[in-house]
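**Q** Okay, here's what each chain looks like letter by letter:
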Amino acid sequence: MAGDEITLRVARYRPDKDREPGWQEYSVPLRDEWTVLDGLNHLKNEVDTTLAYRWSCRMGICGSCGMNVNGEPKLTCATFLSDYAPGPVKVEPLSNFPVIRDLVVDIDDFMTKLPRVSPWIIRDEEQSIDDGEYLQSPEELDAYKQFSMCINCMLCYAACPVYGLEPEFIGPAAIALAERYDLDSRDHGARERLDVLIEHEGVYGCTFVGECTRVCPKHVDPAAAIQRYKLKAAQESVKMFLLPRALRR
Amino acid sequence: MSTQTQEDLRFHRRVPVLWWIRKRSYFVFVMRELSSLFIAWLVLYLLLFVRSVGRGEQAYEDFLDWASSPWLVVLNVVAFAFVVLHTVTWFSLTPQAMVLAVRGRRVPPAAIIGAQYAGLVVVSAFILWLVTR
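Chain order of the listed sequences is A and B. Here the working numbering is used: the first residue of the first sequence is 81, the next is one more, and so on. Here the working numbering is used: the first residue of the second sequence is 150, the next is one more, and so on.
Chain A on its own, in the form it takes in the complex:
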């Protein structure tokens, strides 16, 4: 029955054949419990084995299956087909990234940007193993927990017009991750990260569109992280200007 099916309009790009991406329509069963990813898996298994896309966990943890669904960046494993009934559902690769094939984008740029903010705990002095672990109170954990929920799905990069227009911009997830470590009571690397983020392609690239926060499936709120960083950077600049060298920090 036609009522039990929904049309997926899938963007296809086969670099060996196509000069530019085109559309291909498929019909998939419309079931309450099926996500867009289930629809794509059905196509791949039963209809068209040439379709290329990324996925792994199917439970919103791995961050692999991000795609634009009807123009909105979404985790396709958490986006239900029934919400788009009667269809059609447009499935495209994430915006702002070059397309490698069909729904697969090139994420090299993101992967080179992430380590630039030193997303690990930096210590002035390492405590010896005999001294035990670095303890943290529940309040100290709460200070950064929200920013630690990022799964690197890159939906925020796809939603960010600044990143689309100025690819040098380090981007929402990288800055949120920097904030995650800055707010960690065990970390002493804030100065190091600020040196990277205070550059033009760092926090000041952001014009506070806020779309990164709206599309984030993990409620990380990268826009908040970026604005707080701007505040920190501004305070630092004022200090540099006003205070003699000996009193800084």
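Some hints could be false.
Stated by the list, open to error - As a list, the in silico DSSO-like pairs of lysine-lysine whose alpha-carbon atoms are at most 30 Å apart:
1) Lys97(A) / Lys170(A)
2) Lys319(A) / Lys172(B)
3) Lys310(A) / Lys298(A)
4) Lys170(A) / Lys172(B)
5) Lys310(A) / Lys172(B)
6) Lys298(A) / Lys312(A)
7) Lys97(A) / Lys124(A)
8) Lys225(A) / Lys310(A)
9) Lys124(A) / Lys298(A)
Derived from the structure by calculation, the hints contain no laboratory data.
On the provided structure of chain A, position chain B as indicated by the hints.
**A** Positioned in the frame of chain A, the structure of chain B alone reads:
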């Protein structure tokens, strides 16, 4: 002659010039940015007003004549609409940028937004009193 590399085969999509009308949130963002121009205009307008007051009664009368010309009224009505947009959008964004803590507890976003509107009311009331007393 040369073999095609992986790089050549990737498809780079361009951001369309009218990207900002594709989504309501993008449109509101661009309007918010645009509102800064109208803020600048109203600052200039206020400075011209103050200058005319300082130059005596004739200059003040001339300013009022100029200010009541239809095109300027239209411009100022549009500018006022943008100022309202500017105020509302920036007020609502403030809690994201500012984390305030009182006695170790985070001040809820609604309180920060409310405090800004309260400040606006107080300042507006003071100016109203100053002008009409």
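**Q** If a hint holds in the structure, say so; if it does not, say that too.
**A** Hint check:
no. : hint                  : result
1   : Lys97(A) / Lys170(A)  : 22 Å, holds
2   : Lys319(A) / Lys172(B) : 40 Å, violated
3   : Lys310(A) / Lys298(A) : 23 Å, holds
4   : Lys170(A) / Lys172(B) : 16 Å, holds
5   : Lys310(A) / Lys172(B) : 26 Å, holds
6   : Lys298(A) / Lys312(A) : 24 Å, holds
7   : Lys97(A) / Lys124(A)  : 19 Å, holds
8   : Lys225(A) / Lys310(A) : 20 Å, holds
9   : Lys124(A) / Lys298(A) : 28 Å, holds
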